[in-house]
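Peer 1: Chains A and B, in that order, give the protein sequences. For the first sequence, our numbering begins at 1 and goes up steadily by one. For the second sequence, our numbering begins at 153 and goes up steadily by one.
Check before you lean on any hint, since a few could be wrong.
List of simulated lysine-lysine pairs, BS3-like, C-alpha gap at most 25 angstroms [claimed, not checked]:
hint : chain 1 : residue 1 : chain 2 : residue 2
1    : A       : K113      : B       : K237
2    : A       : K101      : B       : K345
3    : A       : K142      : B       : K237
4    : A       : K142      : B       : K232
5    : B       : K232      : A       : K113
6    : A       : K136      : A       : K64
7    : B       : K311      : A       : K136
8    : B       : K345      : A       : K136
9    : B       : K237      : A       : K102
Per label pair, the in silico range of CB-to-CB distance [said to hold, decoys possible]:
hint : chain 1 : residue 1 : chain 2 : residue 2 : range
10   : B       : D224      : A       : G63       : 23 to 33 angstroms
11   : A       : K101      : B       : N162      : 15 to 25 angstroms
12   : B       : S213      : A       : E132      : 33 to 43 angstroms
13   : B       : P255      : A       : S31       : 52 to 62 angstroms
14   : A       : E147      : B       : Q336      : 46 to 56 angstroms
15   : A       : A62       : B       : R156      : 34 to 44 angstroms
16   : A       : K101      : B       : D163      : 13 to 23 angstroms
17   : B       : S366      : A       : I128      : 37 to 47 angstroms
18   : B       : T362      : A       : R55       : 33 to 43 angstroms
19   : A       : K102      : B       : N327      : 47 to 57 angstroms
20   : A       : K24       : B       : Q336      : 36 to 46 angstroms
21   : B       : E300      : A       : K101      : 46 to 56 angstroms
Hints are computed from structural coordinates only; laboratory data are not their basis. All C-beta atoms in this analysis are idealised placements derived from N, C-alpha and C, irrespective of residue type, glycine included.
Next come the chains, spelled out residue by residue.
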Amino acid sequence: MKEVKQLSVSGIRNGTVIDHIPAKNLFKVISILGLEKFDNRITFGTNLESKKLGRKAIIKVAGKTFAEDDVNRIALVAPEAKLNIIKDYQVVEKYNVVVPKKIIGIARCVNPKCITNHEQITTRFTVIPGNEIALKCQYCEKITDQEHLNIR
Amino acid sequence: MKSRSLVSINDYSKEEILKILSIAADFEAKPEPDLLNGKVISTLFYEPSTRTRLSFESAVSRLGGQIVGFTDSSSTSVTKGESLKDTIMTVSNYSDLIVMRHPLEGSAMYASEVSGVPVVNAGDGANQHPTQTLLDLYSILKTQGTLENLNIFLVGDLKYGRTVHSLLMAMTHFNTTFNFISPQELQMPEEYKLYLDELGLKYYEHTDFTEIISRADIIYMTRVQRERFSDPMEYEKVKNIYVLRYAMLENTKPNLKILHPLPRVNEIHQDVDKSEKAYYFTQALNGVYTRQAIIASILGLK
């Protein structure tokens, strides 16, 4: 029988679709982008089948496009995420998120003795190039790896 | 360097390091008891450190400056829950420069960001202690006549020892050959070795130094601590390998000097003290000149 391709989350007329989010990190992505504060119509689906990720999530934000710098911050938890810009139900632009060189204020430093875990400080990290995401704290100089990555 | 905080040894270029060392030599040759007249230096010691604190306070006093500060945070508003930011912003109104030791890593950088006056890091947890590194460099320069092309032996705990890491980073400016002598469990971390590879500098790793000690220009000793070992048997096996004794100095170079950041426990046997190659107490004295140079340079007086 031929597989019928159908949308699990209904389409949007104009806006942005963020696809290929690992299902377990959906809410982290929502929080990093601050979607809970948006008034726009937002639909999402999670635990969808994905050949690449096993279980993926997808977010559709109507009437909104993101600045690339903003959206790249989700690369910390969804490095394979793909963005589709939709106009009149058509995909007019596609791009993948890129891991930024610096991460300001999203992640928490893994070092319990780091000053950023004791005072109200916006964290600053340099991203260390490599396959796995690793962040070097600009304050204590310790490295936070993917496994210990904690989003504030 | 004027008005700039000193948080990490990496804040100073090779030229700036040499400049500080040259000012330190001037202070050693010619004391200037009035240079800091009218200047107030804060010394904020959030954790006890007799040696570093006294060295800083001596440095300021011998230049005629005044000191305000505390030696133990338990007698301050910190116990009332004041944030580091508030303490620093307040104290920077009272002084021309802040010297701070704090148990949390990254605290010095943060203090330098919120302070209205320059901050000198006197140790932020296990992270950085740049004035120690500069006094180590001054000691090496003074005893060897140069910092270039030396063979430096770093001995003991090379994994956790922040002084050896900072010294290594600073010495990479001077075409140094490094010999790392440590137990397997406490070897120099990979990132430093990769950095030396990148720069094309030579280094050798050993677990014992009795065979090769004759090549050393400088032996920098650190303590191997029992707590660092997951297996106490391992500690028992290695603890005596990293103790320097007088008899071991027999065939060493005439210019060899032995350094140690102090306090020493047993890693340098007391019989070494009688050797003219033992330099660790003079090294501590050099700390006063070096800290004078750092303070005078940041205040724009040199």
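Peer 1: Would you mind marking each hint as holding or not holding in the structure?
Peer 2: Verification of the supplied hints:
| no. | hint | verdict |
| --- | --- | --- |
| 1 | K113(A) - K237(B) | holds, 17 angstroms |
| 2 | K101(A) - K345(B) | holds, 24 angstroms |
| 3 | K142(A) - K237(B) | holds, 22 angstroms |
| 4 | K142(A) - K232(B) | violated, 29 angstroms |
| 5 | K232(B) - K113(A) | holds, 20 angstroms |
| 6 | K136(A) - K64(A) | violated, 32 angstroms |
| 7 | K311(B) - K136(A) | holds, 18 angstroms |
| 8 | K345(B) - K136(A) | holds, 18 angstroms |
| 9 | K237(B) - K102(A) | holds, 24 angstroms |
| 10 | D224(B) - G63(A): 23 to 33 angstroms | violated, 59 angstroms |
| 11 | K101(A) - N162(B): 15 to 25 angstroms | holds, 19 angstroms |
| 12 | S213(B) - E132(A): 33 to 43 angstroms | violated, 51 angstroms |
| 13 | P255(B) - S31(A): 52 to 62 angstroms | violated, 32 angstroms |
| 14 | E147(A) - Q336(B): 46 to 56 angstroms | violated, 25 angstroms |
| 15 | A62(A) - R156(B): 34 to 44 angstroms | violated, 50 angstroms |
| 16 | K101(A) - D163(B): 13 to 23 angstroms | holds, 21 angstroms |
| 17 | S366(B) - I128(A): 37 to 47 angstroms | holds, 40 angstroms |
| 18 | T362(B) - R55(A): 33 to 43 angstroms | violated, 60 angstroms |
| 19 | K102(A) - N327(B): 47 to 57 angstroms | violated, 33 angstroms |
| 20 | K24(A) - Q336(B): 36 to 46 angstroms | holds, 38 angstroms |
| 21 | E300(B) - K101(A): 46 to 56 angstroms | violated, 35 angstroms |
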